[in-house]
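S.K.: One letter stands for each residue in the lines below.
2 protein chains.
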Amino acid sequence: MSDPILSASLVARFAEIVGERHALVAEADIAPFVSERRGLFGGRTSLVLRPGSVEEVSRILALASETGTPVVPQGGNTGLVGGQTPDMSGGQVVLSLSRLDRIREVDVASNTMTVEAGVVLQRAQEAADAAGRLFPLSLASQGTAQIGGNLSSNAGGTGVLAYGNARELCLGVEVVLPTGEVFDDLRKLKKDNTGYDLKNLFVGAEGTLGIITAAVLKLFPKPKGREVAWIGLQSPEAALALFALASDRAGSGLTAFELCARIAVDFSVRHIPGIVAPLASEHPWLVLMEISSGRSAEDARALIEEVLAEGIEGELADNAVIAQNLSQADAFWAVREAMSEAQKPEGVSIKHDISVPVASIPDFIHEAGAAVLQAAPGARLVTFGHMGDGNLHYNISQPEGMEEQAFLARYREVNDIVHGVVRRFGGSISAEHGIGRMKRDELIATAPPVATDLMRRIKASFDPAGIMNPGKVI
Amino acid sequence: MSDPILSASLVARFAEIVGERHALVAEADIAPFVSERRGLFGGRTSLVLRPGSVEEVSRILALASETGTPVVPQGGNTGLVGGQTPDMSGGQVVLSLSRLDRIREVDVASNTMTVEAGVVLQRAQEAADAAGRLFPLSLASQGTAQIGGNLSSNAGGTGVLAYGNARELCLGVEVVLPTGEVFDDLRKLKKDNTGYDLKNLFVGAEGTLGIITAAVLKLFPKPKGREVAWIGLQSPEAALALFALASDRAGSGLTAFELCARIAVDFSVRHIPGIVAPLASEHPWLVLMEISSGRSAEDARALIEEVLAEGIEGELADNAVIAQNLSQADAFWAVREAMSEAQKPEGVSIKHDISVPVASIPDFIHEAGAAVLQAAPGARLVTFGHMGDGNLHYNISQPEGMEEQAFLARYREVNDIVHGVVRRFGGSISAEHGIGRMKRDELIATAPPVATDLMRRIKASFDPAGIMNPGKVI
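For the record, the sequence lines run as chains A and B.
Residue numbers for the first sequence follow UniProt numbering, so the first one is 1 and each next one is one higher.
Residue numbers for the second sequence follow UniProt numbering, so the first one is 1 and each next one is one higher.
Simulated from the structure, these hints should not be mistaken for lab results.
All values derive from a computational prediction rather than experimental measurement.
Just so you know, not all the hints are guaranteed correct.
Identical chains share a label here; the pair holds if one copy fits it or two copies do between them.
[As the list claims (entries may be wrong)] No farther apart than 20 Å at their CA atoms in a straight line, the calculated lysine to aspartate or glutamate pairs in the DMTMM-like style are these:
no. : residue 1 : residue 2
1   : K344      : E305
2   : K344      : E403
3   : K222      : E55
4   : K224      : D299
5   : K222      : E306
6   : K224      : E403
7   : K224      : E310
8   : K222      : E105
9   : K222      : E168
Taking the hints into account, I'd like the entire structure generated from these sequences.
M.R.: Here is the structure:
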């Protein structure tokens, strides 16, 4: 390792703010903060700061501004696009929000909860549940991911269909600006038209404009009934028709509609212990559908049975099975949640997090599939995702028997093919994971210059010294 | 009138873009564009441009930028805060979006509609209806207000409780920037995390950052049943408890919950022809509640009956009457919709468009009422509004027999009293009408400097020449 870029005196000044104990300088202590779990976006630093209060965050950023020191905010370090780790320069300080983990308030009457950035998502869900409410943001990484990161990346997940993404679940934010000033906008208001929408700029900015230190989150009534079914069908077109039917019958009671290619289910069953095939019969496509009712368990049951009966009668669905109890419902969801993990034993994969208009999902699947297979014969299209949101995790496992590196060498080429199809449908190359480091160059290369120019102007006006998470987003 | 600030040659250059016919210069033609219907925020200009295409809007703004000519975008001219009219200088060109009135597409399968800025809201509703869908934005001025203005002011109205405000109903925008560049972000995506949220900056910016020329709007399934009831009750506290009960039972099927002081209902009945008292009995407070069902008319009926029965049994409500048919439902709504108009024959009023957390509505009503009556004894508190959104039109009619000017002289003082109480509850002084000219000074004086500073930075970076609707918002 070369000499650290951060001088000893600067490290000492930062450490003084949080106290020695919370300024990590030993390589072993730093290690968990400079890589992420897939090992894709590693970096270096000689300082990780773990402030314990908003005031400490403020003092850190004021010092960073004064000294021109870049700061990388980090939550649960579960991001998938490298937004939360430092670069290889060694000159970026990591600021972990983990110690800002207070649930400041649960306001049952206003259906809001005010939490700090470092609160783990699952803890926020549990606090809402204990108050008789639902906080519907739900992700595979919820046991580790933190609210600050969820908001900074505008997280999606499986609850978006009925409740919206992280942006829509947030009423107000508290943000420390690059200067150290605190922007306190922790409002519980459903309506507020006093000037520009600053909240939505910080949400989704991946820590490049300031650091979200707390937020007011929306709570919802807990559903009184929830029913989950796996459904076998012949095509994405049938799934789209079934989605339209279910939306019509259940309205906002349709709380999940996940489309999965058969191979995605097969991988889960084959590789993940305890995962059981949801349907005895074989179908090229499967849908995991969840219907909830605010009225009663019986109501949810009657509604899902009605949708499935109509779907089968209308020849949209071949077959379906409804979970008979809570543990079976969890087992049904486990099949879906295991899909990402289950691709690993099948070799390397080239991944995409795309969205298109919901009605274009079938055409996208056909066009992208044909284009990928022409370029990479034998590649396995492990298509699954949140069809109701128009969002697919369009993941492509390597052909069987191919050298891993040979397939990975084509990552960019396959990305370009898939993203080209996405663009033809007016879609997004980052539906829910963000831009981070991974997609920054592609965003700049392919977004309309007028859009990236506006983003650069915002960045320059909010963070003129360029200390906030440089190298990410824009 | 003094010599026009806009030179003849400049007027000619602008006129050449839209054609003589659509460049209004005669005083009589200009008159409707320089005042608004209440006559509060008049101004002057010697040129109103009515472009017929996005390209013409682009050329106008390019010329405006080149020549430093301020431009005031205008839709249906129904705004309530003076955001859409020019100042008294005579040097601001009015740009009317009325001719950009194409409904470009209704995409039933994706539940979206792409419309131009000049489409009148009611026409957008009707186009959605004709396609078997609901566009839920609903305002008293919907027969005149245009989509561009609705989005620029982030309009609220009666559909917010279940469907959100204009911001939440908009998936994508097309915007002409001050330079004339076109930012085309007309996406139909529910999820898109590619960089900063530019859409939500333009929505609600009241034309100060650019001109929205088209938008992608969300559509929803049409409810299959809709039931409306007037309910008599004793207090705002009882209304809050009833709201909690109705939310719990009906969830997103609770599509309106409007709280009205008895005097507001009395004014409507007294002054507006055809308005009939909704309840025979007398109650200090009334609620207009609407429950919709995506399933059936019977379902909506059963649900509203259940809520009312429980509310009356639990002594939250004294009495209630459900509309027996569509025309009675319309008549029920008419009582509510007439309230603003019905204040006029009672003399002048001092108005507020405020929001507080829903749970704080009762305390707000008591505290604000006490403070206002102490300062202005005999003032009549004509409180009504969207309680379910925490949003009240807190309008105060003058004491009976008082000189109008004597009451109006106290406008600012009473505003300050009410807004002071709003701030104590963490509320907003502009819940749904925006800032415009009316509340600009107050926003700047009372918002945290860190917030107004960020807004100024955005304004300066998007519109460095300051040509976009100057004097509004910030």
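S.K.: Going back to the hint list, which numbers does this structure go against?
M.R.: 1, 3, 6
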